[in-house]
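**Q** Sequence:
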Amino acid sequence: MKSLIRLGCILLLAGCYSQSSLAENCNASAGQTTINTQNITYLPTLPVNSQMTSQMPDNGGGVHFSCDLQMPTAGWKRIVYQQMDTSGAGTVINGHHVYATKLEGIGYSLGFQCNGGSIRYIDGSSAPAGNESTTVCDSSQLPGMLTQRELTVKMYITFFKTADVTLAGGNHENVDAQPQVGKLFIEQQAAGTEGTIVSSPTIIDLAALNVDIGSSGSCQVTTSSINVGLGTVNKAEFKGVNTVAGSLQSFAIPIFCSIPTDVKIGFFGVSADPALSDTLALNQDAQAAKGVGIRLSYGNNAAPAPAAGTAVKLNEASNLPVLKHITASSAGSAEKINFAAQYVQTGETISPGKANGIATFTLIYN
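All the letters of the sequence shown, read from the start, carry residue numbers -23 to -1, 1 to 343 under mature numbering (1 follows the signal peptide of the UniProt record, and there is no 0).
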């Protein structure tokens, strides 16, 4: 009889221990994923330390984290990206930490968007796992994370020119794949506890990259710096996201070439939002305005240029329209290509302040 009683106690204690160990569990749906992108174009005329491409989304469906919401549920969660391959670390362009690809002279930065929120890059604003890491999303800012069974992280990649590329020949370069450049993981903490649980990571690889090489050519501009004054605008003039205010300001880029040439022009800089491919972000400092960007458009030009008012797509080196067949061969006879700029509302609310922006333009021709 005593042995039966002991056995019952042991079973009861085992049952109690098992019940107390249950808690919410979050894990990534895959242990590895590869970022695939379209071909990119390297422009020899683009200045060093310039953004080469837009924020390009990965072709896949993102990284999924599943949470079972088992009681007791987490009182805090965050998703973290940590760069593992830190080759080229120390280079910062447009606020992004930029890392080296396998082709010297071209770097990249990875961005992550949690459940449709803001895209986060390693920019020094947070360092949850060391200097080369960033918080993608945190339940202290997004409390809905605590009740969602699935969290999806969309991945983006942006390329930068970090040095002049030494070409082996021809107009195309193949860049080797890069395995294990970084990892994504989710951290969680049960309410009322201090311990943090870290999920197994999803390791991120970069697929091989195809780079088309643009012409170094012999077209020039008569001035390498153009200032466009947009004036002072009252924030009351804006009527909502995507509305403009202030006067549309025209500017021109004068060009001449050693031989008659069809010319395209690409503009490169920080976009206000991936969905606003024609809108520059303002330079960010303590006195900068918020909720406003600078929209670029084509001006009055003869065919085959786009009609006046057509949006200029930022950070695009391919699929640009021919703007003019330049026959001028000297600075004195340079031919102008016209553009325009205007303030546009990009956020739900606007805070007044300085509203300056910078774009780099480069000539593209065969």
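Hints in this document: simulated from the structure, not taken from any laboratory. Hints may be right or wrong, so weigh each one.
No more than 27 Å apart at the CA atoms, straight line, and that leaves these computed lysine-lysine pairs for DSSO-like [stated by the list, open to error]:
#1 267 with 313
#2 313 with 290
#3 131 with 290
Derived CB-CB ranges, DEER-like [unchecked claim]:
#4 267 with 205: 28 to 38 Å
#5 118 with 195: 22 to 32 Å
#6 175 with 261: 29 to 39 Å
#7 313 with 127: 46 to 56 Å
#8 174 with 202: 46 to 56 Å
#9 307 with 202: 15 to 25 Å
#10 237 with 298: 42 to 52 Å
#11 295 with 2: 39 to 49 Å
C-beta: ideal position from N, C-alpha, C; glycine also.
**Q** Against each hint, give a clear statement of whether it holds in the structure.
**A** To see whether the hints hold, each was checked on the structure:
A threshold of 27 Å between alpha carbons decides the hint, and for residue 267 with residue 313 the separation of about 33 Å lies outside it, so the pair is violated. At roughly 19 Å between alpha-carbon atoms, residue 313 and residue 290 fall within 27 Å of each other, so this suggested pair holds. This hinted pair checks out: residue 131 and residue 290 have alpha carbons roughly 22 Å apart, not beyond 27 Å. The hint said 28 to 38 Å for the Cβ distance between residue 267 and residue 205, and at roughly 21 Å that hint is violated.
Distance hint check: the CB atoms of residue 118 and residue 195 are about 52 Å apart, inconsistent with the given range 22 to 32 Å. Between residue 175 and residue 261 the beta carbons are some 32 Å apart, a value that agrees with the proposed interval 29 to 39 Å. At roughly 54 Å, the beta carbons of residue 313 and residue 127 sit within the given window of 46 to 56 Å. Taken as a hint, the range 46 to 56 Å holds for the pair residue 174 and residue 202, whose Cβ atoms sit roughly 53 Å apart.
Taking the beta carbon of each, residue 307 and residue 202 are about 20 Å apart, inside 15 to 25 Å as hinted. The hint said 42 to 52 Å for the Cβ distance between residue 237 and residue 298, and at roughly 18 Å that hint is violated. At roughly 45 Å, the beta carbons of residue 295 and residue 2 sit within the given window of 39 to 49 Å.
Of the numbered hints given earlier, the model fails hints 1, 4, 5, 10; all others are met.
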